[in-house]
Amino acid sequence: MLKSLQIEPEKCTGCLQCEMACSYEATGMFNPSKSRIKIFTFHEEGRFVPYTCTQCTEAWCMHACPVEAIVINHATGAKEVLADVCVGCKVCTIACPFGTVNFDQETHVVYKCDLCGGDPECAKACPTQAITYVDADHTGLERMRAHAAKNLPHDSAKA
Amino acid sequence: MAWTKNVLRVNLTKGTIKHEPLNMEWAMEYLGQRGLATRYLVEEIDPKCDALGTDNKLIMTTGPLTGTMASTGGRYSVVTKSPLTGAIACSNSGGFIGNEIKNAGWDMIIFEGKSPKPVYLYIENEKAELLPADDLWGKSVWEADEMLHKKHQDPLLRVATIGRSAEQGCLYAGVINDLHRAAGRSGVGTVMASKNLKALAVRGTKGVGNIRDPMGFMKATQAGKKVLADNAVTGQGLPKLGTQVLMNVINEIGAMPTRNMLEVQFEGSSKISGEAMTEPRASDGKANLTTNAACFGCTIACGRISTIDQGHFSVQNKPQYWGNSGGLEYEAAWALGSDCGVDDLDALTYANFLCNEDGFDPISFGSTVAAAMELFETGAITTKETGGMELKFGSAEALAWCAEKVAIGEGFGKDLGLGSRRLCEKYGKPEFSMTVKSQEFPAYDPRGIQGMGLAYATSNRGACHLRGYTVASEVLGIPVKTDPLVTDGKAELVKAFQDATAAVDSAGLCVFTTFAWTLEDIAPQIDAACEGGWTAEKLMEVGERIWNMERDFNIAAGITGKDDNLPKRLVKDIKAATGPAKGRVNDLDKMLPEYYQVRGWTKEGVPTAETRSRLGLNPKGIAA
Numbered sequence: 029m030l031k032s033l034q035i036e037p038e039k040c041t042g043c044l045q046c047e048m049a050c051s052y053e054a055t056g057m058f059n060p061s062k063s064r065i066k067i068f069t070f071h072e073e074g075r076f077v078p079y080t081c082t083q084c085t086e087a088w089c090m091h092a093c094p095v096e097a098i099v100i101n102h103a104t105g106a107k108e109v110l111a112d113v114c115v116g117c118k119v120c121t122i123a124c125p126f127g128t129v130n131f132d133q134e135t136h137v138v139y140k141c142d143l144c145g146g147d148p149e150c151a152k153a154c155p156t157q158a159i160t161y162v163d164a165d166h167t168g169l170e171r172m173r174a175h176a177a178k179n180l181p182h183d184s185a186k187a
Numbered sequence: 285m286a287w288t289k290n291v292l293r294v295n296l297t298k299g300t301i302k303h304e305p306l307n308m309e310w311a312m313e314y315l316g317q318r319g320l321a322t323r324y325l326v327e328e329i330d331p332k333c334d335a336l337g338t339d340n341k342l343i344m345t346t347g348p349l350t351g352t353m354a355s356t357g358g359r360y361s362v363v364t365k366s367p368l369t370g371a372i373a374c375s376n377s378g379g380f381i382g383n384e385i386k387n388a389g390w391d392m393i394i395f396e397g398k399s400p401k402p403v404y405l406y407i408e409n410e411k412a413e414l415l416p417a418d419d420l421w422g423k424s425v426w427e428a429d430e431m432l433h434k435k436h437q438d439p440l441l442r443v444a445t446i447g448r449s450a451e452q453g454c455l456y457a458g459v460i461n462d463l464h465r466a467a468g469r470s471g472v473g474t475v476m477a478s479k480n481l482k483a484l485a486v487r488g489t490k491g492v493g494n495i496r497d498p499m500g501f502m503k504a505t506q507a508g509k510k511v512l513a514d515n516a517v518t519g520q521g522l523p524k525l526g527t528q529v530l531m532n533v534i535n536e537i538g539a540m541p542t543r544n545m546l547e548v549q550f551e552g553s554s555k556i557s558g559e560a561m562t563e564p565r566a567s568d569g570k571a572n573l574t575t576n577a578a579c580f581g582c583t584i585a586c587g588r589i590s591t592i593d594q595g596h597f598s599v600q601n602k603p604q605y606w607g608n609s610g611g612l613e614y615e616a617a618w619a620l621g622s623d624c625g626v627d628d629l630d631a632l633t634y635a636n637f638l639c640n641e642d643g644f645d646p647i648s649f650g651s652t653v654a655a656a657m658e659l660f661e662t663g664a665i666t667t668k669e670t671g672g673m674e675l676k677f678g679s680a681e682a683l684a685w686c687a688e689k690v691a692i693g694e695g696f697g698k699d700l701g702l703g704s705r706r707l708c709e710k711y712g713k714p715e716f717s718m719t720v721k722s723q724e725f726p727a728y729d730p731r732g733i734q735g736m737g738l739a740y741a742t743s744n745r746g747a748c749h750l751r752g753y754t755v756a757s758e759v760l761g762i763p764v765k766t767d768p769l770v771t772d773g774k775a776e777l778v779k780a781f782q783d784a785t786a787a788v789d790s791a792g793l794c795v796f797t798t799f800a801w802t803l804e805d806i807a808p809q810i811d812a813a814c815e816g817g818w819t820a821e822k823l824m825e826v827g828e829r830i831w832n833m834e835r836d837f838n839i840a841a842g843i844t845g846k847d848d849n850l851p852k853r854l855v856k857d858i859k860a861a862t863g864p865a866k867g868r869v870n871d872l873d874k875m876l877p878e879y880y881q882v883r884g885w886t887k888e889g890v891p892t893a894e895t896r897s898r899l900g901l902n903p904k905g906i907a908a
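Protein chains in written order, with the numbering used here: chain X, 29 to 187; chain Y, 285 to 908.
Hint data in this document are derived by calculation from the structure and do not stem from the laboratory. Don't take every hint at face value.
As the list claims (entries may be wrong) - Pairwise CB distance ranges (calculated):
hint, chain 1, residue 1, chain 2, residue 2, range
1, X, ASN101, Y, LYS434, 35 to 45 angstroms
2, X, ALA103, Y, GLU821, 41 to 51 angstroms
3, X, GLY146, Y, ASP419, 43 to 53 angstroms
4, X, ALA103, Y, GLN506, 35 to 45 angstroms
5, Y, GLN506, X, GLY145, 45 to 55 angstroms
We put the CB at the ideal spot given by N, CA and C, even for glycine.
Chain X extracted, bound-state conformation (with noise of 0.2 angstroms):
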């Protein structure tokens, strides 16, 4: 069963453990800087909201590589960059519509999330359940049961 990370803002409380088990998981210090997930703080509308690759079916970032660096896990989904073989062109940054592919000024490559290899950190860190590691199929199961329960009688909507 393939699996998708899923996002929930309106769990989120900003407190970025998120992006230190990514950093930590990815480079072995706790470096939000060089996190693969972000979370962005909407200060005036008191909003938190992560964000990150989406891994899409046809991606960009892997059609635009010029020298194949970029590739298909099929066990989780996820595009992972072959570091090895980047030559830190950035084209792939530039072909990415959401901006999830960055260049790393230290190593010369650039860096995504690869979804730790099927056992996301950053899930599994997230105090609040603002990420979850869900089936790919049901994304949206637990909205489509939030808004079902709105069809309940009033007083049994125990959603």
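Once you've looked at the hints, dock chain Y against the given chain X.
Same frame as chain X, but now just chain Y:
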């Protein structure tokens, strides 16, 4: 080894910046943050120096767990000599600046001297430079933050800055980071202003590593997070209602200081409580509270993000206050609310916004306004002094007006910026000042919670709830329930809380974790990260060492056992009139001698040579 082992020393007089290694011998004895920075301060300044003179220093410091995955591991402190109290000051803040300092590769930044012109310190990893701040001077925290982000074209820049209140000499100005988190107490921002240092702007991309036992650390921090999640206070109460979960609880037990501590219960408490913040308001159907928010790495997330009703008198035609910002914590809601007799939630939120916008402590501010209201009600001041405003208890308009005046140090705002003690002395009513060592009380009445009286009287930074929060035991039953109206055993209890808190404050963690964590939960996290064999016992010893060092600093500064007191109002003059503590005053005289004994101090409150030696301190104390 979660320390970076690097210290940045900034001489503002000369404009020089030096890198130096962290004193690891001291780190083994004082851990980090509060303890370690105080050790540096004690070594480097004369305790008798003028807090606002060039000889005072200001240290921004992180702990070994700051910037790690330990829950709440994002704290930093500002350590200096306080201009409000003349005692040691250490103000702790969350938000995201502590993590950024650590990620840039620094445990500590020591500021010394005074810059000839306004400057700010810009740090980008190893690179650190003092840059002109002429354009930032005279700007609020919110304006300066925005200007710095624009100037450096860096949305990820983290900023800690002072507001206009500090520049104007308000003696309880703080240092605000990330727009609404505060190193708030004791006037640490006033010291920063005295050095012509407007702000710190940091970007750190190096990461925090150096974990002694990475696998063990992940396991220990994971276990810690589970304890926090499973606990009713840290897992449910604080995320849902914030510290404001306490408003109704404390009022019910009759320990809610009201109208400058004339009374112990506030009839309007339910209108300004955490629960009230979640109720839809009539005008737009929105609640005051938009969401809870976390500081860096915190899995509790007690922070409040709030809005003010756009139709409220305080923000009419002021769209800059219509968006979300940091909402009311319990201390602010109490000081601005019940202590001033004001039950208007929007007015309190507005005053709280101004405290953040221009960087002044809502506890000391609210308490000082409360004293001013009593001065006004008794005729000691009139509209002549205030410039026309009627400072009556319960007046939301007066509260909002006072906040606007203190923010920019204008008119009567200058008087209010003196703090309660100096204000009341100026107008001939020193007995109206609800302070210890010149610092204003927080939100727990010592007539209704006896142990807190002793905690306030002996707190090394003046009246403060964060130096020994026996409320946990006396009200909430953490770790064991004690009777709030009984004095027996409170000396030991206060000592235990004071020492444990000093250790937590030195680790990079938030003291709110201790609603759920004991040192047995904390020690394995520190030990897995750091060399040095950190056990709960060792942390208690470190805490006790820090407490005695701070005490010795104060003694050398001229603050002694005779200053371990409470206002007469609380120990003699005014008995609690209502609630469970009806008829009571605080029985400090019963607890204090016992406390000195438990501490290993003389009858005058001086640590004995034996006590100092046992803790590895100079047996003679600190030379003034």
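Report task. Could you see if the CB distance from ALA103 (chain X) to GLN506 (chain Y) stays within 35 to 45 angstroms? Result -> violated (26 angstroms)
Requested in this report: Indicate whether the distance between the beta carbons of ASN101 (chain X) and LYS434 (chain Y) respects the range 35 to 45 angstroms.
Outcome: holds (41 angstroms)
Query - 43 to 53 angstroms as the expected CB spacing between ASP419 (chain Y) and GLY146 (chain X), which holds or is violated - result: holds (51 angstroms)
Query raised in the report: Do GLN506 (chain Y) and GLY145 (chain X) keep their Cβ atoms within the hinted range of 45 to 55 angstroms?
Result: Given about 20 angstroms between the Cβ atoms, the range is violated.
Requested in this report: With respect to the beta-carbon atoms only, verify the hint that ALA103 (chain X) and GLU821 (chain Y) lie 41 to 51 angstroms apart.
Outcome: This hint holds: roughly 48 angstroms between Cβ atoms.
Of the numbered hints listed earlier, those contradicted by the structure are 4 and 5.
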